[in-house]
Amino acid sequence: MPGQLKEVRNRIGSVQSTQQITKAMKMVSAAKLRRAQDAIIQMRPYAKKLQELLSNIVSSSEGGSEMTLAAERTVEKVLLIVVTSDRGLCGAFNANLIKLAKATIAEKYADQNKKGNVTIWSIGKKGYEHFVKHKYNTEATYKDIFQNLTFENVQVCAQAAIHSFRSKQVDAVEIIYSEFKNAGTQRFVVERFLPIPKVAGKKGGNRADFIFEPAKEQLVAELMPRILNTQLYKVILDSNASEHGARMTAMDKATENANEMLRALKISYNRARQAAITTELTEIVSGAAALQG
Amino acid sequence: MNLEILTPEKKLYSGEVYGVQMPGISGSFEVLEKHAPLVSALKAGNLKILKDKQNNTAQFEVQGGFVEVLRNKVTVLVEGAKQLGE
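Line by line, the protein sequences give chains Y and U. Residue numbering for the first sequence follows my numbering, beginning at 800 and increasing consecutively. Residue numbering for the second sequence follows my numbering, beginning at 2 and increasing consecutively.
No lab work stands behind these hints: they were computed from the structure. Every residue gets a Cβ at the ideal spot worked out from N, C-alpha and C, and that includes glycine. Heads up, a few of these hints could be off.
Said to hold, decoys possible - Using C-beta positions, here's what the derived DEER-type ranges look like:
1) U:Gln-84 <-> Y:Pro-1013: 26 to 34 Å
2) U:Glu-31 <-> Y:Leu-868: 41 to 49 Å
3) U:Lys-12 <-> Y:Gln-968: 30 to 38 Å
4) Y:Ala-1014 <-> U:Lys-74: 20 to 28 Å
5) Y:Gln-850 <-> U:Ser-15: 14 to 22 Å
6) Y:Ala-1014 <-> U:Gly-16: 29 to 37 Å
7) Y:Asp-910 <-> U:Ser-29: 48 to 56 Å
8) U:Gly-16 <-> Y:Asp-837: 17 to 25 Å
9) Y:Ala-902 <-> U:Thr-58: 29 to 37 Å
10) Y:Gln-968 <-> U:Asp-53: 50 to 58 Å
11) U:Asn-57 <-> Y:Arg-843: 28 to 36 Å
Unchecked claim - When the alpha-carbon atoms are kept at most 30 Å apart in a straight line, the in silico BS3-like pairs for lysine-lysine are as follows:
12) Y:Lys-967 <-> Y:Lys-1033
13) Y:Lys-980 <-> U:Lys-49
14) Y:Lys-847 <-> U:Lys-49
15) Y:Lys-1015 <-> U:Lys-74
16) U:Lys-83 <-> Y:Lys-942
17) U:Lys-12 <-> Y:Lys-831
18) Y:Lys-848 <-> U:Lys-44
19) Y:Lys-848 <-> U:Lys-74
20) Y:Lys-907 <-> Y:Lys-876
21) U:Lys-49 <-> U:Lys-11
22) Y:Lys-847 <-> U:Lys-52
23) Y:Lys-942 <-> Y:Lys-924
24) U:Lys-74 <-> Y:Lys-847
25) U:Lys-83 <-> Y:Lys-1033
26) U:Lys-83 <-> U:Lys-44
27) Y:Lys-1033 <-> U:Lys-54
28) Y:Lys-847 <-> U:Lys-35
29) U:Lys-83 <-> U:Lys-11
30) Y:Lys-847 <-> U:Lys-44
31) Y:Lys-848 <-> U:Lys-35
32) Y:Lys-914 <-> Y:Lys-967
33) U:Lys-83 <-> U:Lys-54
34) Y:Lys-898 <-> Y:Lys-825
35) Y:Lys-1033 <-> U:Lys-49
36) Y:Lys-848 <-> U:Lys-52
37) Y:Lys-1015 <-> U:Lys-54
38) Y:Lys-934 <-> Y:Lys-924
39) Y:Lys-1015 <-> U:Lys-12
40) Y:Lys-847 <-> U:Lys-12
Put together the whole structure using the sequences plus the hints.
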């Protein structure tokens, strides 16, 4: 009996230390999440102003200007940018993203995939490892963006994607990532990156007679790549925040489960202890009775 | 007039200034009080803020971007910038 007692005690100890780790990880994720959210908020004024600028320009020019970046062509080669995380222990976060990527390939680009014309750029180590293992056409140039998350690094990746589109190495670029809703929910989405979906010039944007320097068409041509840079940057920030959110939830659940387990273990510990005491008592009493008799 | 410098990473500068010199794509130019509405592209170079009529300035090294001038408010959008030493 004392052996069983000790066993239960050991288990309680190990569950407790695991719980401590998950608790700490939750706290760390919460702090990182706050920082990631701040980064999104910091970026917002810039992105908003850029959009405003574009609608100002577009609405004050008559016909929509044709641009190479918005030109639709028959899609033969596809580039998918899949944004996952570098680390695990964040619940089903990476699994869901990978699932979505595979579903997209299977549904939308099955033909292209058969011909081997689907390329995947993985951002984040987890997705990269998976796609390499399953023999997808992967490129790893940008997988380490999360290790040093700056606009400059992201912009390099965006420019590379734009370049491949311009030089007709690919005919469409899609991004698969997880949009940040709040700490508890992520939305896994497929988003068209290139060709640019038609720019809807918002009405009423034309508030003043602007002097354009250089000409409008050239300005738009300058503006487009920058908007794309910002778009990709937003995607990366979003999925960074989502990752921490997902990890926070996962760790919270783990801590809760550990609590549950501890409760059950405590009950069986107390039972075993009680049983040991009872047997001991019975032994003493019966021993004494034997002496007297 | 009011000047704002925005980058994707943060708001870099915000405040009242006397004028600002920028590296336009076809040459450097300066915007002063009550400038007409303007949209222009910027190339990489130095941006100089004239804080007042005295020689009180601040310099930034900026990447390419855009500037919008509207109703005495100048908004500079650049992809990256860092302040140069005084």
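Hint-by-hint comparison with the structure:
1. U:Gln-84 <-> Y:Pro-1013: 26 to 34 Å: holds, 28 Å
2. U:Glu-31 <-> Y:Leu-868: 41 to 49 Å: At roughly 32 Å between Cβ atoms, Leu-868 (chain Y) and Glu-31 (chain U) fall outside 41 to 49 Å, so the hint is violated.
3. U:Lys-12 <-> Y:Gln-968: 30 to 38 Å: holds, 37 Å
4. Y:Ala-1014 <-> U:Lys-74: 20 to 28 Å: For Lys-74 (chain U) against Ala-1014 (chain Y), whose Cβ atoms are near 24 Å apart, the range 20 to 28 Å holds.
5. Y:Gln-850 <-> U:Ser-15: 14 to 22 Å: holds, 20 Å
6. Y:Ala-1014 <-> U:Gly-16: 29 to 37 Å: holds, 32 Å
7. Y:Asp-910 <-> U:Ser-29: 48 to 56 Å: holds, 52 Å
8. U:Gly-16 <-> Y:Asp-837: 17 to 25 Å: Given about 22 Å between the Cβ atoms, the range holds.
9. Y:Ala-902 <-> U:Thr-58: 29 to 37 Å: This hint is violated: roughly 56 Å between Cβ atoms.
10. Y:Gln-968 <-> U:Asp-53: 50 to 58 Å: holds, 52 Å
11. U:Asn-57 <-> Y:Arg-843: 28 to 36 Å: holds, 31 Å
12. Y:Lys-967 <-> Y:Lys-1033: Distance ~25 Å between Lys-967 (chain Y) and Lys-1033 (chain Y) Cα, so the pair holds.
13. Y:Lys-980 <-> U:Lys-49: violated, 39 Å
14. Y:Lys-847 <-> U:Lys-49: holds, 24 Å
15. Y:Lys-1015 <-> U:Lys-74: holds, 21 Å
16. U:Lys-83 <-> Y:Lys-942: holds, 27 Å
17. U:Lys-12 <-> Y:Lys-831: Holds - the C-alpha atoms of Lys-831 (chain Y) and Lys-12 (chain U) are around 21 Å apart, at most 30 Å.
18. Y:Lys-848 <-> U:Lys-44: Holds, at roughly 18 Å.
19. Y:Lys-848 <-> U:Lys-74: holds, 13 Å
20. Y:Lys-907 <-> Y:Lys-876: Cα-Cα ~12 Å, so holds.
21. U:Lys-49 <-> U:Lys-11: holds, 19 Å
22. Y:Lys-847 <-> U:Lys-52: holds, 26 Å
23. Y:Lys-942 <-> Y:Lys-924: holds, 6 Å
24. U:Lys-74 <-> Y:Lys-847: holds, 16 Å
25. U:Lys-83 <-> Y:Lys-1033: Between Lys-83 (chain U) and Lys-1033 (chain Y) the Cα gap is close to 21 Å, so the pair holds against 30 Å.
26. U:Lys-83 <-> U:Lys-44: holds, 15 Å
27. Y:Lys-1033 <-> U:Lys-54: violated, 39 Å
28. Y:Lys-847 <-> U:Lys-35: Given pair Lys-847 (chain Y), Lys-35 (chain U) holds - Cα atoms ~24 Å apart, limit 30 Å.
29. U:Lys-83 <-> U:Lys-11: holds, 11 Å
30. Y:Lys-847 <-> U:Lys-44: holds, 21 Å
31. Y:Lys-848 <-> U:Lys-35: Holds. Lys-848 (chain Y) to Lys-35 (chain U) sits at ~21 Å (cutoff 30 Å).
32. Y:Lys-914 <-> Y:Lys-967: holds, 17 Å
33. U:Lys-83 <-> U:Lys-54: Between Lys-83 (chain U) and Lys-54 (chain U) the Cα gap is close to 24 Å, so the pair holds against 30 Å.
34. Y:Lys-898 <-> Y:Lys-825: holds, 25 Å
35. Y:Lys-1033 <-> U:Lys-49: holds, 29 Å
36. Y:Lys-848 <-> U:Lys-52: Holds, because 24 Å separates the two Cα atoms, which is no more than 30 Å.
37. Y:Lys-1015 <-> U:Lys-54: Violated. Lys-1015 (chain Y) to Lys-54 (chain U) sits at ~34 Å, over the 30 Å cutoff.
38. Y:Lys-934 <-> Y:Lys-924: Distance of about 15 Å is within 30 Å: holds.
39. Y:Lys-1015 <-> U:Lys-12: holds, 27 Å
40. Y:Lys-847 <-> U:Lys-12: holds, 13 Å
Comparing the model with each numbered hint stated earlier shows that hints 2, 9, 13, 27, 37 do not hold.
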